[in-house]
Structure formats: structure tokens, C-alpha cells
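Visitor: One letter stands for each residue in the lines below.
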Amino acid sequence: MRRAVIAFTAFLGGLIFLLAGPAHADPADCQGLRGTLKLQGQPVNGAKIAVTTESGQPVKEVTTNAQGTWDVPVDKPGKYKVTLDVSTLPQNAEVRGGNNVRTPTVYKGNCSSVLFALQPKGAPGQEQQQDSGGQTSMWEQAAQLAFEGLNLGLIIALAALGLSLIYGTTGLTNFSHGELVTLGAILAYAFNVGIGLHLIPAGIIAVIVAGVLGYLQDRLFWGWLRKRGTGIIAMMIISIGLALVLRYAFLIFFGGQTEAYAQYVAQPGIQLGPISAAPKNLVAMGIELAVLIVVGIALLRTRTGKAARAVADNPALAASSGINVDRVIRIVWTMGGAIAALAGVMLGLSQTLKYTMGQDILLLIFAGVTLGGLGTAFGALVGSLVVGLFIQVSTLWVPPELKNVGALAVLIIVLLVRPQGILGRRERIG
Amino acid sequence: MDWITIISTTLKSAVGVETVLYGVAAIGLNVHFGYTGLLNFGQAAFMGVAGYGLAVTVTVMGLPFWVGIGVGLVAAVLLALLMGIPTLHLRADYLAIVTIAGAEIVRLIFRSVAFKDVFGGSDGQRGFSNGFYAINPFEHFFTARQYGFNLGPVPLFFSPRQTWVIFVGWVLIALACGVVFLLMRSPWGRVLKAIREDEDAVRSLGKSVFSYKMQSLVLGGVIGSLGGFIYGLAYASVQPDVFGTETTFYMYTMVILGGAARVFGPVIGSMLFWVLLVLVYGVLAEAVGAGYITFMDVNQVGALRWILVGLGLILLLIFRPQGIFGDKREIAIDAR
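Protein chains in written order, with my numbering: chain A, 1 to 430; chain B, 431 to 766.
So here's chain A without its partners, still in its complex pose:
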């Protein structure tokens, strides 16, 4: 028993060691204002930024460097006024919302980030991953959003599949699944930026490593808890504790900033009918779809897949008909860890990396899983795609920062109307 705890600690330690590569610390002795100007992911060079005190005394005037960053150290904490000179921006850029003055507060010994969100001129005042620019018709916009929704939905589906299978086979509602997604993204970053591999081999290694860690996690931790007879609810709260541990371990070794991979950062979009898409997203969606289909076929056709579905259906019956339940669960954890990591790599590719990225989509994963029916593999796929599409397309009507609210509201409504989800069987849920 104690050995297992020590082993799990060692596993976490190993994880931390693995992550130590790309670690870098923020300068602690920083007091001032800083920021990064980016237009559609590209740094903006040479924009003028003037910093004055609250009463208008000039402090310093700076221009952004080639990375788009600027930095003004100040002597005294307090309120400052930061003005971005709009005339020094590139021709096609404007500040989102039109306001080019910020009044941040500098605290003692802290650097405050000042955000100026830039967008191409004439774009609607809302956030979009690929901006179609100019005035587009409602239908073109809907098509573009549907494409982005599909992209997001496939990523959610990858993560949801593992979550749903783990729930089905072990009954565990795993709140640390989001951190498995982050883990994949950060492992790939470590191999990509830390060691210097190209993103494709780095991503493959990350997925394999995450699969091994998924196996070890079940072997050393969750399997041990099951043997001890720990209750399902207790395990659920334990998974919350594990999520906290992992998330803040990521914060320590990865830092609180957002990062991008070394390759495929800013790709010009190509026009496909009404949709403008970066080639990387098309490739990523292809890979995601292929993986989902392979896993789906494996579940339907292979012995292990059938065994997994049998265990999910009724573990006692599966065990009595000669299926090695523990082995099936190990395989499910390995696969779940690996495809969650793949989801993380893809999420990092299509957006950016942050230590909270998994936590941020965890509820969307839950929404997808619940919508499809908790514990059913194919339900998770369908549910996730619906959630992804719904989130993006809903931005036609709701402000983008509230798009997740819609998805979560749908989650609640589904539980009211059809608690077993789209593909779930009717059983006791309430």
C-alpha cells in the first residue's frame, strides 16, 4: 500500500523531471508594465507606446520590438496611463473596440501586462480564430464558424472518448482528464521547443509518453484505489485533488504565460469555397478523424474493443464470462491517456499552450460526454461534435466570450429533458 504511494510520488516526480526541460522563470524583480502586440498571431513591430502617470506626467515612450513586445519599468507602484499611438500601427490594423488608452495599476514588485487586442481593419468587433475579414454574408460566416466548430468538436471528441471509456469501465468521473490534455500539449512542447525536435515527431513521442503515463497512472494509483475499495465519490474528489496537483505542477515548470510550438505557428489561410482555413487545421482534423475512426473500429471489431464495451456495459457479467476486467481497464487508461494527449497537441496547434488549457475545455468535454450519454463511446463522439459546432455557430448570435455559456446551458437542459443523452440507454440517472 505505502509502496504504491511512494511509486505514485515517484511517477509525479518523474513527470516533473520530464517537464523541467522547458522551464524558465519569470524575473521576480520586475516592477512595471509590459505587453505584446500581435495581429492575427504575427508580432507587430515598431508601434509606439507612451506611458504616463495617472496625472499625465510622461514616464517613458517605447516602440515594440521584432517580437512585438514592449516593456516599461517604473519606479513607483500606482496607476499609470498607457497610450498606443494608432498611427504607428500597420496600415491594416486597428485596436479592437477602438479604445487605445489603458489605465493599469502597477503593484509593488510586480509587472502588469497591458493588453491591446488588434484586429484587421473592417473586421467585426469580435474574436475569431481565422478572420474571414471584410463584410461577409451570414451564410459564409455560418460556414466558417461551422468549420471552426468541427475543428473544436473533433478535439473535444478525442478527449471525451477517453473520459467516457474510463467512466464506463471504472465508474470514475475523472476531473483530472483536462490535465491529461494539458500534459500532452506540454510534453509535445518540451520535445519540440525544449529538445528541438520537429513538431510531428515531438507530438508522436508526447502521445506515446502520455499513453505510458496513463498506463502507470492506472497501474500505480487508480487500480490500487479500486483494490482498496475506495468509493466512487471519494475517487471523484481524489481526481480533483490530482487535477490541482498536476495543474500547479504545470504552472511551476511551464510558467503562467502562453506559448506556441516552434512550427506551424502562423499559416496563411487558404480559401475553400466560403471557408478560409489554415492548412494545419485541415491536416489536424484529418488526423483527428482518422484516430477517431480507428478507435471506433477497434471498439467494434477487435476482441479487446468488444471486451471494453462489455466491461462498460456490466463489469460483473464481463468478469464472469472470462474477460480480464483489470487488463481491459489498463488498456482503456493507456488509450485514454494517449488520445487525450493527442487532443492536447492538436489544441495547442490550433490555439496556444497554457497550463490551464485542459481545465478550460474540461467542462466542454463533460458537456460532450453527457450530451452523448455518459459511458458510451460513440455517444461521446456525437455529443462532442454537437458541442463544438454549437459553441462556434452560436457566436453568430451571442457575444463570443459567452459562447461557452450556451454549451453549458445545453448540458443542463439535456440533463433535464433526456438525461441519458443522445445515444445512452435509459437507466437510473436521477
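A hint or two may mislead.
Said to hold, decoys possible - Here chain B is said to cover these stretches of chain A; the calculated rule only asks that three of the stretch's residues, wherever they fall, bring their Cβ under 8 Å from a Cβ of chain B:
{"no.": "1", "segment": "355 to 369"}
{"no.": "2", "segment": "405 to 413"}
Claimed, not checked - Simulated restraints on C-beta separations:
{"no.": "3", "chain 1": "A", "residue 1": "327", "chain 2": "B", "residue 2": "749", "range": "21 to 31 Å"}
{"no.": "4", "chain 1": "B", "residue 1": "633", "chain 2": "A", "residue 2": "314", "range": "19 to 29 Å"}
{"no.": "5", "chain 1": "A", "residue 1": "229", "chain 2": "B", "residue 2": "576", "range": "50 to 60 Å"}
{"no.": "6", "chain 1": "A", "residue 1": "53", "chain 2": "B", "residue 2": "597", "range": "29 to 39 Å"}
{"no.": "7", "chain 1": "B", "residue 1": "630", "chain 2": "A", "residue 2": "257", "range": "45 to 55 Å"}
{"no.": "8", "chain 1": "A", "residue 1": "76", "chain 2": "B", "residue 2": "732", "range": "20 to 30 Å"}
If you're looking for bench data, these hints aren't it; they were derived computationally from the structure.
Even glycine gets a Cβ: it sits at the ideal position worked out from N, Cα and C.
Position chain B against the provided structure of chain A, taking the given hints into account.
Guide: The following block gives chain B in isolation, referenced to the frame of chain A:
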């Protein structure tokens, strides 16, 4: 290493603002989780609607402070009803997911640009606590510049404002504990505990399980909302991200640490939680500052202490799910 400061901040944190506000909210959570067995993962939202109810009433609508408190309490009751109607029929794990989702919806609306005029976006609202400090007897009636005493060489002093917040907070904790103690000894409280043990048995006795769960959700939510008021008044501001999911998880750690289904469990849990957290942070931060620890900086120490919270939660649930004072038979951690 400045041990005097470390000991002073640690001892002060045993009764300090954070202990009080988390403690009172955790008492509410204990009503849900400890006594009724409701896995409410949205307790932070109750604090949030209360804090924002007060803030918006005073700053945006310009109404007096006491009206704001009333609005906050009503908002907490409404949230309990809204969250309870779809979720209370559900099994424990579904309930957990939906309450988290509900709390996230509340937080996202508070921080959204669309409602910036009302809720102030991600900066939140400030400037609503004057009514509270205007009646501060520690500033206007007593005249000491700070309150406290010296414990040997260790100074333990609070400013008049802090003293007032802490005083009110502990009065609220005492009231909440009293209410919980009396209610849980009453026939009503016995029904709640019976629901935790076996819902179907209670139903077969002709009790409306849904109605009792709803009453429990409202009661715990209202007690939790007191924590939101204390937060808003103590820091004279509310921000949406303070009322995020992690806040709820910290409260779970406190409830389980002290002992679920015990009147003083959450209070002791909150005191221990903050004492340990402040002590660990103080020692590590000082050690980093003094150069004894070189492999991490002060920001990483801040993250490290939350790792310890997670680790503590894991170890507690594995080895001592009943916490310090709890009874193992009374913990609702087996699936039903």
C-alpha cells in the same frame, strides 16, 4: 529568515479574513455535502451572486448598503432554486458536473464584456463597502489605532477595518454553527441525514426527497452567500475569477479536513487550511528570499502551496476520509 513575521502572519491567519470567509462558506457546503450528501460543486457561485448582488445594488443602482445585503441574499436563494430544479433529481456524479457548469455560467456572465456596465467585466466592481465601514465601532467608537496583543516577541495586531470584518465574520460563523447545530438535531435535520444514507428509504416513508434537498440547497447556499459578502466587504471589491471552481474545491478540502457532517468541522478545517498554507508559504518564500532554496522563485512557491492542497485532498480521502473530527460512517463518499 524573519521568523517573527512568519509566526505572526501564521497565527493571525488562524482567525483572519480568509479563514472567516472560507469558513462560513464551508459551513454552507457542509450542509450540502456533509449532512445531505449533495455533491454541490458550485458553492463558489453562491458567494459570487451574493458579493455581486451587494456590489451592483450599491454601485450601479446607488441603493443603500443594507438593501444590497438583501439583494445578495435573495440572489443566493434564487440561484439555489435555479440550480436545484434541474439537478436535484440527478445521481451524484451528474449533480457534480451540472453544479460546476452552473457555477461556470455564473462566473462567465459576471466577467463578460456584454454585461460590463453592470458587473464590470473581468475587473469586477469596487467601492460598495463604505456603508459597512461607516458603522465600524472599532474606528468610530473605540479609538485604538490597531487591535491585538503581543505574544512574547510576536506582535499580533489587526487594523480597525480588519478587526471589524473579522469580528462580524466570527459572529456570522457562530450564528451559522448555531443554526446548523439546532437544525441537524431537529426532525428536519434527521430527514436530511436519512437522505444522505438512503434516498429510496426516505422516499418510501412518504417524504418528498426533492423538497428536502431543495431546502438544504437553499440553506447551505444562503450560508455560503455570507462568505461572499465577507469577501466583498473585506477587500472592498469583487472580481469574477475569485468565485471560480477552484474556490469550491478549496472549501471541499476544508470540509473534509475538519470532518464532514460535524458542526465545527468546516471551521476547524478552514483554520487549519489557512494556517498550514500561510506557514508553508511564509517559510518557503523566506527561504527563497534568503537564498536557502535556489531551485525555485517566489511565484513558484505560490504554485507549490496549491500542489500541497491537492496532495492533501488526495491523501485525506485515501487515508482519512472522515477528517479530523468526522465519523467514517457519516461520510457520503460511496456511490448510490
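Visitor: Confirm or reject each hint.
Guide: How the hints compare with the structure:
1. 355 to 369: With 3 residues closer than 8 Å to chain B, the segment 355 to 369 of chain A meets the three-residue bar; holds.
2. 405 to 413: holds (count 6)
3. A:327 / B:749: 21 to 31 Å: Since residue 327 of chain A and residue 749 of chain B have Cβ atoms about 28 Å apart, the given range 21 to 31 Å holds.
4. B:633 / A:314: 19 to 29 Å: This hint holds: roughly 26 Å between Cβ atoms.
5. A:229 / B:576: 50 to 60 Å: Roughly 53 Å apart at Cβ, these two residues keep to the hinted range, so it holds.
6. A:53 / B:597: 29 to 39 Å: Given about 38 Å between the Cβ atoms, the range holds.
7. B:630 / A:257: 45 to 55 Å: holds (52 Å)
8. A:76 / B:732: 20 to 30 Å: holds (24 Å)
Of the numbered hints given earlier, the model fails none.
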